[in-house]
Amino acid sequence: MDEHRCNRKTVLLAAMLVGLGATGIAAPDLPVRYMHPVLDGPAAVVASPVGGLRWAAWAYRSEGEFDLALSVRDPSGQWSPPSFLGERDRLDQADPALAVDAGGNLYVAFVVRQVGRVYLSVLPAGSSRLSDPAEASLPGERASSPQLRIVRDRLVLGYRVGSRVVLRDLPLLGAGTHGVQDGPDILPPLGSTGSSGSRSGGGGSRSTP
Amino acid sequence: MKPQEAGTAAPEGAQAPKGSVRLGNYLKRLRAGYGYSLRRVEERARAVGGEIDNSQLSRYEKGICYPSFDKLRVLASVFNVSIQAFSDVVDLEAYEALKPAEGEPNELVERGHAALQRGDMGLAFACYERAIELLEREPGRDGRDETIGWARISLATALARLSKLSLAEQEIRNALRATPRPAPSFEAHALLALANIHADQGDLLLAELEAGRAYDRARSEPSEPLAAQALHTLGRVLAQRHQEEAAIERYRQAVELYEAARNDYESTRVRINIGLCYAGLGKLREAIRLLREALARAQASGYRRLEAQALSTLGEAYYRQGARAQASACFRQSDGIAGASDPRYPDLLFVNAFYEWRMAIEDRHPTRERIAFGRLKALRSSLERRFPEVEAFDAYVERGRRNG
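If you read the sequences in order, they're chains A and B. Oh and the first sequence: position 128 is 931 in the working numbering, straight run, nothing missing. Oh and the second sequence: position 159 is 214 in the working numbering, straight run, nothing missing.
These are computed hints drawn from the structure, not numbers from a lab. Be aware that a few hints might be false.
[To be verified] To give an idea of the interface, some chain A residues facing chain B are shown, with a C-beta separation under 10 Å as derived from the structure:
| no. | residue |
| --- | --- |
| 1 | Asp877 |
| 2 | Gln881 |
| 3 | Asp892 |
| 4 | Asp904 |
| 5 | Ser924 |
| 6 | Ser931 |
| 7 | Ser934 |
| 8 | Asp935 |
| 9 | Pro936 |
| 10 | Leu941 |
| 11 | Leu975 |
| 12 | Asp985 |
| 13 | Gly986 |
| 14 | Leu990 |
| 15 | Pro991 |
| 16 | Pro992 |
[Said to hold, decoys possible] SDA-like cross-link-like pairs, simulated, lysine to any residue; straight-line CA separation at most 25 Å:
| no. | chain 1 | residue 1 | chain 2 | residue 2 |
| --- | --- | --- | --- | --- |
| 17 | B | Lys432 | A | Arg957 |
| 18 | B | Lys83 | B | Leu264 |
| 19 | B | Lys432 | B | Lys154 |
| 20 | B | Lys432 | A | Leu973 |
| 21 | B | Lys432 | A | Pro974 |
| 22 | B | Lys154 | A | Pro974 |
| 23 | B | Lys432 | A | Asp972 |
[As the list claims (entries may be wrong)] Ranges of calculated distance between the beta carbons of each label pair, as one might list FRET restraints:
| no. | chain 1 | residue 1 | chain 2 | residue 2 | range |
| --- | --- | --- | --- | --- | --- |
| 24 | B | Arg423 | A | Ser930 | 31 to 37 Å |
| 25 | B | Thr422 | A | Arg967 | 19 to 25 Å |
| 26 | A | Arg932 | B | Asp418 | 38 to 44 Å |
Only a predicted model underlies this, so the values are computations on that prediction, with no experimental measurement involved. Glycine included, every Cβ here is placed at the ideal spot set by N, Cα and C.
With these hints in hand, go ahead and build the complete structure from the sequences.
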């Protein structure tokens, strides 16, 4: 994303995004194996509008690097054991940000410190596997401090590049069916045109040409 | 509107046409359909606040000159059709050159079907139209009216694929009007054709009612091929309403029936629709798997339209997954097919350009954004069909107008 002039609305939204990031987590009940501030980074927590779930993600210190830990609390208040992303890859996955859309799909943005890039991964509702992280910051930028917000049917990602805040407007997973849904070719059944019958069946059955 | 083209020569001794013979014939048919004389049209024009001299109308009908936009507006009002219909009629002159000179009507209809399946919509249209013209010259032929009726339904299908929806709808009305006591199967097929045209126009309630009636008829006959088409149509209506799970259920039932009838073509089409539904549900892995399978089937069988559609849909799934390089590659390949075939598939080209435009905006790439926006503007004028990308683009343009 090129450097751009932010209008007043954009600045406000950016301030909201970054400001909310600074408040981090204040939940009294914390996920298992979470050791902030001794070892781990601050956790991002978000409540899902579906199923009474609560998600937490944090940078988990392990074997000299940070991996991304993700844990979910069910409606009974029980946190799941964390699942990890980027284990033993000699890279630091850190500063996670979370957002959940109305369908319960979870979006996780995080930075890989060594390369200074923000990545985005999605956990579709009902699934237990995060999608492969896709680079969400633009090439040539040293990005940090990602934050996420859902605005209508779009996912807004904000991150810092030096003293600037960059915003990206991305599609939500499953924001309804788009594209072209074609109906059938309505052609006469066999024999209706008095043909000798090269087709099998009726109502548009065709053999391969 | 285009100038006079091949195959539309005026009668000998007449003034050299500078207008459109096809448009002239269309106007004459409309007038005959209402039972109006030239003078009566002149009176009706005056009643709707316009001026059309009867000699002027006669010149339009002979293709000697084009009506001005104002005159077309008045004629549209008199004959209760859209102005778009006149423009579409003139566009169809491009396919005159494809018309077989002669042939056995049933054979021409079959050639039309094969062309439609290959994705050659213009040739299909030309074959069906020639078949109807030949049949109309044979008043004594056995079952002629019914055969013409079926050919008109096929013609309407080709017109809808060419994105000439108003003309397609008129063609179905003509088919029903010319068949006062239609056989149940004929009526059900006509209803299904109408349902799909209405779904293309975004009139989903009407489409659902028509498809539902056709499905009831298919079950009472019973006719499995007709049931498959009705379920397919009901599925697309549900998908367009964003009820993807219910749509997938209908589509799966349709696939089963199509497969039983060995209708690989429609079965492949439905699989693409199912893939799109999964993408809509956010199940992108499943969507991509299904779309790749459908793409392979379309490629193996030479279904050009379905190949372009599978690639376009796959591009959309990749875009949602954040895999932009793969998305762009799919859109380019789809463009290659949709833009190379004659005629082009404007709906698919529009979808591809729409996502290129979105990606350019997201990447803050003004040059790519301008190019894609220009393509969208150019394609929009040839699209009568409504789908979410068209609506999103129209809303964007409308917002731009309001904000000056």
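Go through the numbered hints given earlier and state which of them the structure violates, listing their numbers in rising order. As far as the earlier hints go, 1, 2, 3, 6, 18, 19, 22, 26 are violated by this structure, in ascending order.
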